[in-house]
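Colleague: One letter stands for each residue in the lines below.
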Amino acid sequence: MKFGVVVFPGSNCDRDMYDALKYDLGQNVSMLWHKDRDLSKFNTEDCIILPGGFSYGDYLRCGAIARFSPMMQSVIEFANAGGKVFGVCNGFQILCESHLLPGGLLRNANQQFVCKNVYITNDTEEVFKIPVAHGEGRYYADEKILDGLEANNQVIFYYCDEEGQITEKANPNGAMRNIAGICNASRNVFGMMPHPERACSAALGNTDGRAIITSLLMTAQLVS
Amino acid sequence: MTYTVQIKVMPLKELLDPQGKAVMGGLQNLGLNGVEDVRVGKNITLQVAADSPENAKAIAEEASKKLLSNPVMEYFEVSVN
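These protein sequences, in sequence, are chains A and B. Residues in the first sequence are numbered consecutively from 0, following numbering that gives the first Met the number 0. Residues in the second sequence are numbered consecutively from 0, following numbering that gives the first Met the number 0.
Heads up, a few of these hints could be off.
What the hints assert, rightly or not - 30 Å max Cα-Cα, derived DSSO-like pairs, lysine-lysine:
id : chain 1 : residue 1 : chain 2 : residue 2
1  : A       : K21       : A       : K115
2  : B       : K64       : A       : K34
3  : A       : K143      : A       : K168
4  : B       : K65       : B       : K12
5  : B       : K12       : A       : K143
6  : A       : K115      : B       : K20
7  : B       : K64       : B       : K41
8  : B       : K20       : A       : K168
9  : B       : K64       : B       : K12
10 : A       : K168      : B       : K7
11 : B       : K7        : B       : K65
12 : A       : K34       : A       : K21
13 : A       : K168      : B       : K65
14 : B       : K7        : B       : K20
15 : A       : K34       : B       : K65
16 : A       : K143      : B       : K65
17 : A       : K115      : B       : K7
18 : B       : K64       : A       : K115
19 : B       : K64       : B       : K20
20 : A       : K34       : B       : K41
21 : B       : K12       : A       : K168
These are computed hints drawn from the structure, not numbers from a lab. As the structure is a prediction and not an experimental result, all values here were calculated from the model.
Construct the entire structure; sequences and hints are all you get.
Modeller: Right under this line is the structure:
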């Protein structure tokens with residue numbers, strides 16, 4: 000399995016993701032430039048990653064302009080052909096703007112950029128401590144879409160407290176139903192606001208992100 | 000000819016607008032207590048070459064649907080001058 004990390008103008012977690020995959024997880028990873036279109040060396044077992052940051056300066060809406068970059072046209076085709084695509088933070092916003100994931104990410108309800116460790120959980124009730132850093136992370140979709148996501152187990156992470164309780168207080172941005180991350184119906188496109196790539200190195204004091212990247216992307220255990 | 004097209008993009012009425020809330024607080028600090036609600040959106044001006052105002056509007060509407068607004072969170076209104 001190979002990884003490709005797309006670099007947009009304004010991406011700032013692309014190197015974090017590259018380092019986490021290459022040095023902390025020992026994976027085969029390369030960088031992809033937003034003006035290129037060539038994904039021919041990747042097959043559907045591989046994974047394209049849209050990293051965090053402020054692509055195109057967050058102009059107009061977060062992710063709106065990145066969605067029309069040359070590389071994203073290839074990434075959309077790759078996803079529609081069944082290839083794995085994983086978006087973190089701004090990458091999640093780009094996936095929503097690209098209609099690869101339903102809903103959208105709105106300005107945080109408390110009007111503030113939130114930058115701290117949060118706890119997230121999944122349907123196996125494991126709790127992970129992962130940092131968030133975003134101003135527009137309030138996941139929003141209409142009730143019908145939210146019901147569909149939950150009925151199909153497409154919510155991959157909820158914000159929770161340290162004990163794994165999904166409470167309003169543990170919600171850092173006002174996201175509907177405490178949603179921190181989702182996947183598409185065919186389970187090959189994943190997006191989340193928290194940054195697992197910032198929690199993969201013991202030198203950084205937190206390695207909870209390793210389990211997320213390995214199980215989510217390599218074995219899909221978390222979402223099976 | 001070239002038409003000037005104004006596009007208003009606003010957060011959907013049912014959504015919380017944190018930016019509007021922050022501006023509302025500022026207005027209250029100014030002592031303007033008569034202001035009951037604030038919502039903040041965008042105004043986008045396009046210069047569109049088209050053979051009629053209807054066609055200029057159609058181009059602007061396509062731009063609004065595909066890029067300038069996101070129907071998940073926003074609505075838009077187009078006017079041709």
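Colleague: Determine for every hint whether it applies to the structure shown.
Modeller: Structure-based check of all given hints:
1. K21(A) <-> K115(A): 25 Å, holds
2. K64(B) <-> K34(A): Status holds; Cα separation ~24 Å.
3. K143(A) <-> K168(A): It holds: about 24 Å lies between the C-alpha atoms, which stays within 30 Å.
4. K65(B) <-> K12(B): 20 Å, holds
5. K12(B) <-> K143(A): 18 Å, holds
6. K115(A) <-> K20(B): With Cα atoms ~24 Å apart, K115(A) and K20(B) stay inside 30 Å; holds.
7. K64(B) <-> K41(B): 15 Å, holds
8. K20(B) <-> K168(A): Given that 30 Å is the threshold and the Cα spacing comes to 21 Å, the pair holds.
9. K64(B) <-> K12(B): 18 Å, holds
10. K168(A) <-> K7(B): Distance ~35 Å between K168(A) and K7(B) Cα, so the pair is violated.
11. K7(B) <-> K65(B): Satisfied, since the Cα-Cα distance of roughly 15 Å is no more than 30 Å.
12. K34(A) <-> K21(A): 23 Å, holds
13. K168(A) <-> K65(B): Outside the cut-off at roughly 36 Å; violated.
14. K7(B) <-> K20(B): 19 Å, holds
15. K34(A) <-> K65(B): Holds: K34(A) and K65(B) sit about 20 Å apart, inside 30 Å.
16. K143(A) <-> K65(B): 23 Å, holds
17. K115(A) <-> K7(B): Outside the cut-off at roughly 35 Å; violated.
18. K64(B) <-> K115(A): 35 Å, violated
19. K64(B) <-> K20(B): Holds. K64(B) to K20(B) sits at ~26 Å (cutoff 30 Å).
20. K34(A) <-> K41(B): 28 Å, holds
21. K12(B) <-> K168(A): 25 Å, holds
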